[in-house]
Amino acid sequence: MNEPLLWEKSRQGRCGISIPESDVETTPLDAEFAGEGPDFPDLSEVDVVRHFTRLSQWNFGVDTGMYPLGSCTMKYNPKIHEKIAALPGFAGAHPMLPPDLAQGTLRIMYELERFLCEITGMDATTLQPAAGAHGELTAMLLFYAYHKSKGEKRTRILIPDTAHGTNPASAALCGYAPVPVTSGDDGVLSVEAVEALMDEETAGIMVTNPNTLGLFEQNIRKVAEVVHRKGGLVYGDGANMNAVMGIVKMGEIGIDAIHLNLHKTFSTPHGGGGPGAGPVCVRKHLEPFLPVPRVTKNGDAYALQYNRPDSIGKIHAFHGNFGILIRAYSYILSMGRHLKTASQHAVLSANYIKERLKDVLHLPYDRPCMHECVFTDKNQEDFKITTLDMAKRLMDYGFHPPTIYFPLVVHGAIMIEPTETEPKENLDQFIETFKIIIKEAVETPELLREAPTAPKVRRLDEATAARKPCLCG
Amino acid sequence: MNEPLLWEKSRQGRCGISIPESDVETTPLDAEFAGEGPDFPDLSEVDVVRHFTRLSQWNFGVDTGMYPLGSCTMKYNPKIHEKIAALPGFAGAHPMLPPDLAQGTLRIMYELERFLCEITGMDATTLQPAAGAHGELTAMLLFYAYHKSKGEKRTRILIPDTAHGTNPASAALCGYAPVPVTSGDDGVLSVEAVEALMDEETAGIMVTNPNTLGLFEQNIRKVAEVVHRKGGLVYGDGANMNAVMGIVKMGEIGIDAIHLNLHKTFSTPHGGGGPGAGPVCVRKHLEPFLPVPRVTKNGDAYALQYNRPDSIGKIHAFHGNFGILIRAYSYILSMGRHLKTASQHAVLSANYIKERLKDVLHLPYDRPCMHECVFTDKNQEDFKITTLDMAKRLMDYGFHPPTIYFPLVVHGAIMIEPTETEPKENLDQFIETFKIIIKEAVETPELLREAPTAPKVRRLDEATAARKPCLCG
Amino acid sequence: MRYLPHTNEDVAEMLQVVGAANLDDLFSSIPENCRFKGELNLPSDMTEWALTDHMATLADRMACSPEYRVFVGAGSYRHYIPASVPYLLSRSEFSTAYTPYQPEISQGTLQAIFEYQTLTARLLGMEVANASMYDGASALAEALLMAIRIERGKKTGIALSTLIHPHYRQVVRTYFEPTGYKIVELPCLPDGSTDLSAVDEIENLAAIALQSPNFFGCIEKIKAASDKAHALNALSVVCFTEPMAYGLFKNPGSQGADIVCGEGQSLGIPQSFGGPGLGMFASLNKYVRNMPGRLVGKTTDRDGKRGFVLTLATREQHIRRERATSNICSNQGLCATMSTMYMASVGGTGMRELARLNRDKAEYLKSELKKAGFRIPFERPGFNEFVVEFPKGFESTYQKLVGKKIVAGIPIECHYPELTDHYLLCATETHSKADMDTLVKEVTS
Amino acid sequence: MRYLPHTNEDVAEMLQVVGAANLDDLFSSIPENCRFKGELNLPSDMTEWALTDHMATLADRMACSPEYRVFVGAGSYRHYIPASVPYLLSRSEFSTAYTPYQPEISQGTLQAIFEYQTLTARLLGMEVANASMYDGASALAEALLMAIRIERGKKTGIALSTLIHPHYRQVVRTYFEPTGYKIVELPCLPDGSTDLSAVDEIENLAAIALQSPNFFGCIEKIKAASDKAHALNALSVVCFTEPMAYGLFKNPGSQGADIVCGEGQSLGIPQSFGGPGLGMFASLNKYVRNMPGRLVGKTTDRDGKRGFVLTLATREQHIRRERATSNICSNQGLCATMSTMYMASVGGTGMRELARLNRDKAEYLKSELKKAGFRIPFERPGFNEFVVEFPKGFESTYQKLVGKKIVAGIPIECHYPELTDHYLLCATETHSKADMDTLVKEVTS
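Residue numbers (my numbering), protein chains in the order written: chain H, 1 to 473; chain D, 1 to 473; chain S, 1 to 445; chain A, 1 to 445.
Keep in mind the hints are simulated off the structure, nothing from the lab. For every residue, glycine included, the Cβ atom is placed at its ideal position computed from N, Cα and C. Heads up, a few of these hints could be off.
[What the hints assert, rightly or not] List of simulated lysine-lysine pairs, DSBU-like, C-alpha gap at most 30 Å:
no.: 1; chain 1: D; residue 1: Lys297; chain 2: D; residue 2: Lys284
no.: 2; chain 1: H; residue 1: Lys284; chain 2: A; residue 2: Lys404
no.: 3; chain 1: D; residue 1: Lys230; chain 2: D; residue 2: Lys150
no.: 4; chain 1: H; residue 1: Lys456; chain 2: D; residue 2: Lys456
no.: 5; chain 1: D; residue 1: Lys83; chain 2: A; residue 2: Lys404
no.: 6; chain 1: D; residue 1: Lys378; chain 2: D; residue 2: Lys284
no.: 7; chain 1: S; residue 1: Lys405; chain 2: D; residue 2: Lys153
no.: 8; chain 1: A; residue 1: Lys305; chain 2: D; residue 2: Lys439
no.: 9; chain 1: H; residue 1: Lys456; chain 2: H; residue 2: Lys384
no.: 10; chain 1: A; residue 1: Lys286; chain 2: A; residue 2: Lys228
no.: 11; chain 1: S; residue 1: Lys392; chain 2: D; residue 2: Lys340
no.: 12; chain 1: H; residue 1: Lys340; chain 2: H; residue 2: Lys83
no.: 13; chain 1: H; residue 1: Lys297; chain 2: A; residue 2: Lys405
no.: 14; chain 1: H; residue 1: Lys439; chain 2: S; residue 2: Lys305
no.: 15; chain 1: H; residue 1: Lys384; chain 2: A; residue 2: Lys228
no.: 16; chain 1: H; residue 1: Lys83; chain 2: A; residue 2: Lys405
no.: 17; chain 1: S; residue 1: Lys154; chain 2: H; residue 2: Lys83
no.: 18; chain 1: D; residue 1: Lys297; chain 2: S; residue 2: Lys404
no.: 19; chain 1: A; residue 1: Lys221; chain 2: A; residue 2: Lys286
no.: 20; chain 1: D; residue 1: Lys340; chain 2: D; residue 2: Lys358
no.: 21; chain 1: A; residue 1: Lys405; chain 2: H; residue 2: Lys456
no.: 22; chain 1: A; residue 1: Lys37; chain 2: H; residue 2: Lys340
no.: 23; chain 1: A; residue 1: Lys392; chain 2: A; residue 2: Lys371
no.: 24; chain 1: S; residue 1: Lys182; chain 2: D; residue 2: Lys150
no.: 25; chain 1: S; residue 1: Lys400; chain 2: D; residue 2: Lys297
no.: 26; chain 1: D; residue 1: Lys284; chain 2: H; residue 2: Lys439
no.: 27; chain 1: A; residue 1: Lys400; chain 2: H; residue 2: Lys297
no.: 28; chain 1: A; residue 1: Lys305; chain 2: D; residue 2: Lys435
no.: 29; chain 1: D; residue 1: Lys222; chain 2: S; residue 2: Lys405
no.: 30; chain 1: D; residue 1: Lys456; chain 2: H; residue 2: Lys435
[Said to hold, decoys possible] Far from chain S by the CB rule (all over 10 Å, computed), these chain H residues:
no.: 31; residue: Cys15
no.: 32; residue: Gly16
no.: 33; residue: Pro20
no.: 34; residue: Thr53
no.: 35; residue: Pro78
no.: 36; residue: Ala193
no.: 37; residue: Thr341
no.: 38; residue: Asp366
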């Protein structure tokens, strides 16, 4: 069954919404201004409902099955959060209401900031960034403002080769030239490597911890000392925070600023690519630079403070993705101290998969991992089977593939993050399936090369798509 | 992808619901009374969500595609009704609240009764019956009470061969022996046939109008006269009311009682087999016998009246399927006088399909039809292709099959009811697909005999299921 | 009109194909004297927004939790329903499907109902359950008709406990009225259970029917009733309004019941002013061919894959017509699915905890009222409901409480005239200690 | 804990396989001096029911329709959203998916986004649109960075209308702070449109940016600005906060805009205290490789079947890292999907009607306020917003109205100090004549 594009289903005059009858007179409009209106398709309600119902069925989400996409923390998203976010008091709230009329939302923001500070061990939080990369950018702007307040303009920033891909792009937006730091043979940063590169032209370092190999940066305290000694700042990419809630407080081990992905660690739905939320938590010395407005509390009353001369300004028209903040706030209230258990179980599951697959898949760093583990396709090279082939074949068995070919430092990487919400039976089934696929790679490799065959479409021609882009119908 | 049965996924100690902590002391319970609790599977929330998400995807509903199931009126079910029915004021209402505390629901019931009277041309309505067949039974109980009030106990009831299957069963529950009436060559009841059978032992007649051939019972007025003359009553099965809203008022053409299927004509979702609602509308002389309580209005206040000595009593513990009544009430308010347009378009679409398919499919009654049309597989007999084969093949093309092998009076019947909410393009696509299948029946009949192949399972072994029933896992 | 996709052009094209000049022409087969010439006298069509406002206004006129504290059970119970359940049920592949006549594209409904049948049978301790009945009351009427059917109509006497929900008994009488079968009501013992002593006198006894927990909230002596029924070659029929009780108390099957039925609303279904609920219905295997309602069975497809189908249709009206086991066609399928989602969410472990909590809450309220000096007339153990005798003239206090948004149970005198000033109260996991303390404070002040 | 499926037995089995004695052992690779030894100081975990109560209490502290009549727009608009849209969006195959890196099992998201790109381009009169940005403000900042990128960083001057939403300008300044690029703000003419006369003086002009309808609700002279920009070899950037205006007014593309961006919240997305909304972003085809954000393209699979993929990823950060067109990774995908559902529901015909209705409502309110004696300072035609000058000391009247649950726009003096006692008001299809009459009555009484 295919589903036409919306405009292939149109019939002029249909409408899928009630247009209220007008209770006022119409006012003429000069031809100078009048347009023709958009060339939208006309559909009835049933057309629209069927169209998107069918589209939804072609998608794979966490509710469809195991989604071990490394670095993305595809945990279960509680249904109650959707109901809460839709409460008319929240969904219908105007962002510029006078604070007296918005005490509910302000309190949520105030408390969520405190919770995130507690979890990260930091002193202050801004909730404005709309996504992880937006948080990174915010943090870089904070670094810039901090150095500027000291009368400095630094030009470089250190970025380990195990960092997330957005890090260099975010730094570049602030005019920083990224300087790559090679991680050691053990997969983590060495103090020496940082020491060799850190200088007083360098704004600081961006460290993903646990890093994208799923390893904890053991030398972080010393690395931070080196950076601080040269007047630099340490940025923590908190995308992998799901490994260490209640186990490591980033503010206590030398991190000056960290962003969190609420749509990963705090269980807000990823939405097929957003909306997310990327709050930034900072230590005291960076607080003056945080975006405005800040939520303040005076007695029982919450207010918004705009007058902060050192602030970098605004990075979102209003208060960030508030609807996402509600969900994260609800999640933290639901979990309480079980957040630590969540991290423990996430790490347990990743290590379990690592142990049970490492005899068949090549494991480049055979060490205890955090919330994810990274394999490669080295063992399959002789059979001319790639990571991609295995990933596509997993789809035929009803699994979402892991993250592939990332991190770049590992050739043919297969990065598996099961999360704590995946029941053990599913982990076992995933492991067994992977073993079957590895056997197929030897015995019936064409099954892998032709995979997937179960989904709606087979492998797509991405090369032509990029060479002759068709971006508009 | 398969999905295990719930208990195949269980792991003791998991739980998918928050159990509140107790704020009171526990009270001991004697071993004499204490049980072991049910042997239910233990699952986490994510297990439950994935289980039923997957199950849902194996189902075909109106939102999936065209569902021309004859006699079932599978029209589009508006989403706003679901939201309204879930309003806490309705969803959380206790049925035995004092009337002062339940004015909202009582008003809905009162007004819905009036609307249904207006649409059917009757004088009073009970909303208690939970389904169409429950409405039929209620009507038969009313007939019984009516005759009893006249000091009579009648023993038979006339039922045409084009009636719905539930009619004889409902009559039998009241101790009436159903007497079949053969319809004429033109597919409708003849006055003579009824006259020949009607006597003073006979409680009345149950007429489906339009009947299950999709034809209007043209002689209904005269039939009613014949029945009334012998002291009998005329029951209208209103399952096919979608053909004649605003076009025929049943109360004006001799019908004494009629049930309506709110889950057909009034667009409440069928729910995979219920809950439905089968209100019964009656003329004045049957009103005293209606079930209690009756909703009454005094000024602006609604109340419940129990003291009605002639009432048949109750046929539902409370007020019937109130949640379904809300949806039908909302539908009537949304449509207003467009209800007539709905009937007109439903009839137009059925005639359109009839005209466009009658050159390839055998049409036993070539007359203007109402909301549905009935074909047969006679043209395909030579190729040993049956109605069942064609129906199953439609699934492969993404359509729900029509009703098949019903009505029984037509051999190999294919009963198509498109409803007014099906866009013309879909009717055309259905017609074209049916023509392709008819061509396949000649050229590649094995495609039909092996059909369906697209759904999750292929044809199922119903014989073994019935011979060795496995009803419990 | 957003629910009517045909544009004027569509209509014109289709009329041409049909050969009709206009829409009226389509109805030429309806005789003139059958046609309604006027316009329906209905309110003019509302937009989605006007409708929403109107319905919200009506909903606001209802007394509901959390604004009101409602201590009423009596066949409709407030329990918490996890948000995951209505979400899953909202998936319209479930809600907008018809009865699963075409099993290949209805495996979702069919597997869910198979699971429902299984969990129902396990909850009630029975061997087989059907795909649902309309509600607890009509299920009981059908159970008694089934008992008579099992006896091939030769035994037609029914012993019906007066402690069965009064509405249920009323429905039974309505169903039985044209049949001529005899119903004898069994009175109440001082401890709140049914007096079975009159049973021996009943001629041609087909079944004894009890409710447990009964209308007064007390656990019945089902074992004794079953033994008695069997000794008299009759069937033991047990009904219920609160199935959650079986999370804590012995289930009817373990106490000899032959047919068990009742209302399943408690299991994850909103109260909705009394419907739609869920008629649960189960029996021993040997009676399955006499059972009313639909049944889903397990089978295999042509490739040997597991699948589910409607089965034993030979009992049903579209095949047997007047000789069908009942006239049920549409049932409460979606509610059955909803209760399955709920039962699966709660699980075995959770069900025991939740049932325990219900009992503890009700026992607390009962003991606080007792302490406050009110009489608790029936001392048999109960689940989450019980009867209290309030002082004479309590009605005005009751009204005063309503003003404070508390509904202090329901009076039962209308059904049991001897029990003046007796009220039936209910407490579930949704009632906090604070709520109950407030109630006690207010009734005593 | 219902979100943590591992039972104690599961944990024990897994620990054994891993070779760890207990859960703490798993973290042995974390140095002792990095470990947090305490317990997180967070409220103890809440049940679903306690959480629901808590959040409902907080939601009740907000001033929202229909209880309040809120006449505020200013970048966040109340429009009716058909129930079908949130229902469809709730289908968790959409909401619980990640960015569609694996196209074979993401065709739902991908086709929806392709449709979104197409409808966006059609609405704005542009050739190509991306898959979304965070919001209108950050989209504008990115659009201006893109303009400079198109000029290969050689031209770095930006002319920014002061009639662009003040928050948007603030975001632009924040993004630009480290870059050293120059921003010149263009003042307001008496008619409520932007004064372009200063543009000629700007060195190295890369782009002129206007908002239309602008912050005062007035339609801008986009054509004139575009012509001017092009004459100076610069780009015309147009932003918006209320895209519904293009249902009635000329779209920016037809008036020479090169890049168009803005906030799409109006198109079916709840206001949600300002987010999540939708950054819409479109340009001419020739600039597509300089465009930030994701793009979905049409292609075919191995069998030649139509399908969709993320494409032109060579612009993106995971490939180009610091040379990427922007750092955007997660965008507002689900909001883009929601707006597509909305645009498809409203349709072309509906969009024209709805836009017309918005203008008529606002014009009615404007004329009634004028009649009541208040000054309307800017006379350029507008859509659903406008500025009113209320009498001195209106603040106390404003507070009095709040007491009557009416929010009479927002004061704009904080952003435009010369405009004391000036308020920005908004009326959409959700405001009835009666609502507006009440407002006028109350402000005059």
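Tested hints:
1. D:Lys297 with D:Lys284: 18 Å, holds
2. H:Lys284 with A:Lys404: 42 Å, violated
3. D:Lys230 with D:Lys150: 13 Å, holds
4. H:Lys456 with D:Lys456: 14 Å, holds
5. D:Lys83 with A:Lys404: 29 Å, holds
6. D:Lys378 with D:Lys284: 47 Å, violated
7. S:Lys405 with D:Lys153: 51 Å, violated
8. A:Lys305 with D:Lys439: 25 Å, holds
9. H:Lys456 with H:Lys384: 26 Å, holds
10. A:Lys286 with A:Lys228: Satisfied, since the Cα-Cα distance of roughly 20 Å is no more than 30 Å.
11. S:Lys392 with D:Lys340: Violated: S:Lys392 and D:Lys340 sit about 57 Å apart, past 30 Å.
12. H:Lys340 with H:Lys83: Status holds; Cα separation ~26 Å.
13. H:Lys297 with A:Lys405: 24 Å, holds
14. H:Lys439 with S:Lys305: 25 Å, holds
15. H:Lys384 with A:Lys228: 59 Å, violated
16. H:Lys83 with A:Lys405: Holds: H:Lys83 and A:Lys405 sit about 26 Å apart, inside 30 Å.
17. S:Lys154 with H:Lys83: 56 Å, violated
18. D:Lys297 with S:Lys404: 26 Å, holds
19. A:Lys221 with A:Lys286: 24 Å, holds
20. D:Lys340 with D:Lys358: 27 Å, holds
21. A:Lys405 with H:Lys456: Status violated; Cα separation ~52 Å.
22. A:Lys37 with H:Lys340: 12 Å, holds
23. A:Lys392 with A:Lys371: At roughly 18 Å apart (the allowed maximum being 30 Å), A:Lys371 and A:Lys392 satisfy the hint.
24. S:Lys182 with D:Lys150: Judged against 30 Å, a Cα distance of about 23 Å means the pair holds.
25. S:Lys400 with D:Lys297: 25 Å, holds
26. D:Lys284 with H:Lys439: 78 Å, violated
27. A:Lys400 with H:Lys297: Satisfied, since the Cα-Cα distance of roughly 25 Å is no more than 30 Å.
28. A:Lys305 with D:Lys435: 24 Å, holds
29. D:Lys222 with S:Lys405: At roughly 58 Å apart (the allowed maximum being 30 Å), S:Lys405 and D:Lys222 break the hint.
30. D:Lys456 with H:Lys435: It holds: about 26 Å lies between the C-alpha atoms, which stays within 30 Å.
31. Cys15: Not fine: 6 Å to the nearest Cβ puts H:Cys15 too close to chain S.
32. Gly16: Contrary to the label, H:Gly16 does not stay out of reach of chain S, its closest Cβ about 5 Å off (not over 10 Å).
33. Pro20: 5 Å, violated
34. Thr53: Not fine: 7 Å to the nearest Cβ puts H:Thr53 too close to chain S.
35. Pro78: Violated: least Cβ distance 8 Å, not greater than 10 Å.
36. Ala193: It holds; H:Ala193 is separated from chain S by about 48 Å at its closest Cβ, greater than 10 Å.
37. Thr341: 18 Å, holds
38. Asp366: Fine: 39 Å to the nearest Cβ keeps H:Asp366 off the interface.
Against the hints set out earlier in the document, violations occur for numbers 2, 6, 7, 11, 15, 17, 21, 26, 29, 31, 32, 33, 34 and 35.
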